[in-house]
Amino acid sequence: MNKSSLIDSIKLKLSEKIQNFEKLIAETRASSNDTKSSMGDKYETGREMLQQEINNLQVQLNEILKQKDFLKTVLPKPNDKAEKGAIVKTEKGLFFISVSLGEIKIDNEKIICISPESPLAKAMNGKQKGEVFSLNNISQKIEEIK
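In our numbering, the protein residues as written are 29 to 174.
Hints are computed from structural coordinates only; laboratory data are not their basis. All residues carry an ideal CB built from backbone N, CA and C; glycine is no exception. Heads up, some of the hints might be wrong.
Between beta-carbon pairs, the in silico distance windows are [claimed, not checked]:
| id | residue 1 | residue 2 | range |
| --- | --- | --- | --- |
| 1 | T101 | L52 | 25 to 31 Å |
| 2 | I46 | K133 | 16 to 22 Å |
| 3 | E171 | E55 | 43 to 49 Å |
| 4 | I166 | S43 | 33 to 39 Å |
| 5 | S37 | G74 | 35 to 41 Å |
| 6 | K150 | D108 | 14 to 20 Å |
| 7 | S59 | N136 | 16 to 22 Å |
| 8 | P106 | E55 | 40 to 46 Å |
| 9 | E145 | N61 | 35 to 41 Å |
| 10 | A151 | N83 | 30 to 36 Å |
| 11 | K100 | Q156 | 24 to 30 Å |
| 12 | K117 | R57 | 43 to 49 Å |
DSSO-like, lysine-lysine: derived pairs with alpha carbons at most 27 Å apart [to be verified]:
| id | residue 1 | residue 2 |
| --- | --- | --- |
| 13 | K112 | K174 |
| 14 | K39 | K133 |
| 15 | K155 | K117 |
| 16 | K109 | K133 |
| 17 | K157 | K45 |
| 18 | K157 | K100 |
| 19 | K94 | K51 |
| 20 | K155 | K120 |
| 21 | K94 | K133 |
| 22 | K169 | K120 |
| 23 | K31 | K45 |
| 24 | K138 | K96 |
| 25 | K105 | K174 |
| 26 | K117 | K150 |
| 27 | K174 | K94 |
| 28 | K109 | K155 |
| 29 | K157 | K51 |
| 30 | K39 | K120 |
| 31 | K169 | K31 |
| 32 | K51 | K120 |
| 33 | K100 | K112 |
| 34 | K100 | K117 |
| 35 | K138 | K112 |
| 36 | K31 | K174 |
| 37 | K133 | K174 |
| 38 | K94 | K109 |
| 39 | K155 | K100 |
| 40 | K41 | K117 |
Could you put the whole structure together from the sequences, leaning on the hints where they help?
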């Protein structure tokens, strides 16, 4: 598996999420405009709820934009220890320390994308092939690092 293609796949997935959130925000704004009528205060509560939903979506969108910016700092170079940009293989799975995106499938291989700030990434941080780390009383041995 090529680290560059993995990063490209993540960028694509993040871009899709960004487009989805932008579309949701636009649709919610449009429905908010639809409720503006001469009916009086009766619809103020509904408009306020729609505004809160827009704010919620905006927060989520901003988080994904931050992840996309952070991904630019992840270089497709080989790693010899668990750190940002490393693909770490344990007996429990394959982990890419980059952005918190969850499971992604590339070349029929499941890779779990985790943030460097996640408890799992912190537990394995700095470890090398053959070393053991523990999280929640579960030990894992690092089999390979790319």
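Checklist entry - Is the hinted pair K41 and K117 satisfied, with a Cα-Cα distance of at most 27 Å? => result 22 Å, holds
Checklist entry - Taking the beta carbons of I46 and K133, is their distance inside 16 to 22 Å? => result 20 Å, holds
Item to check | Range hint 16 to 22 Å (beta carbons of S59 and N136) holds or violated | outcome: Given about 41 Å between the Cβ atoms, the range is violated.
Checklist entry - Are the Cα positions of K31 and K174 separated by 27 Å at most? => result 8 Å, holds
Item to check | Restraint check for K169 with K120, where alpha carbons must lie at most 27 Å apart | outcome: Given that 27 Å is the threshold and the Cα spacing comes to 9 Å, the pair holds.
Checklist entry - Holds or violated: K157 with K51, Cα cutoff 27 Å? => result 44 Å, violated
Checklist entry - Given a hinted range of 24 to 30 Å, is it respected by the beta-carbon distance of K100 and Q156? => result 26 Å, holds
Checklist entry - When you take the CB atoms of P106 and E55, is the distance between them in 40 to 46 Å? => result Holds: the Cβ-Cβ distance is about 44 Å, inside 40 to 46 Å.
Checklist entry - When you check the alpha-carbon spacing of K157 and K100, does it fall within 27 Å? => result 26 Å, holds
Checklist entry - Does the Cβ distance between S37 and G74 fall inside 35 to 41 Å? => result 40 Å, holds
Checklist entry - Under the criterion that the straight-line Cα-Cα distance not exceed 27 Å, is the pair K155, K117 satisfied? => result This hinted pair holds, its Cα atoms lying about 12 Å apart.
Next on the checklist: Holds or violated: K105 and K174, Cα atoms, limit 27 Å.
Outcome noted: 8 Å, holds
The structure fails to meet hints 7, 17, 29 and 32 from the earlier list, while all remaining hints are met.
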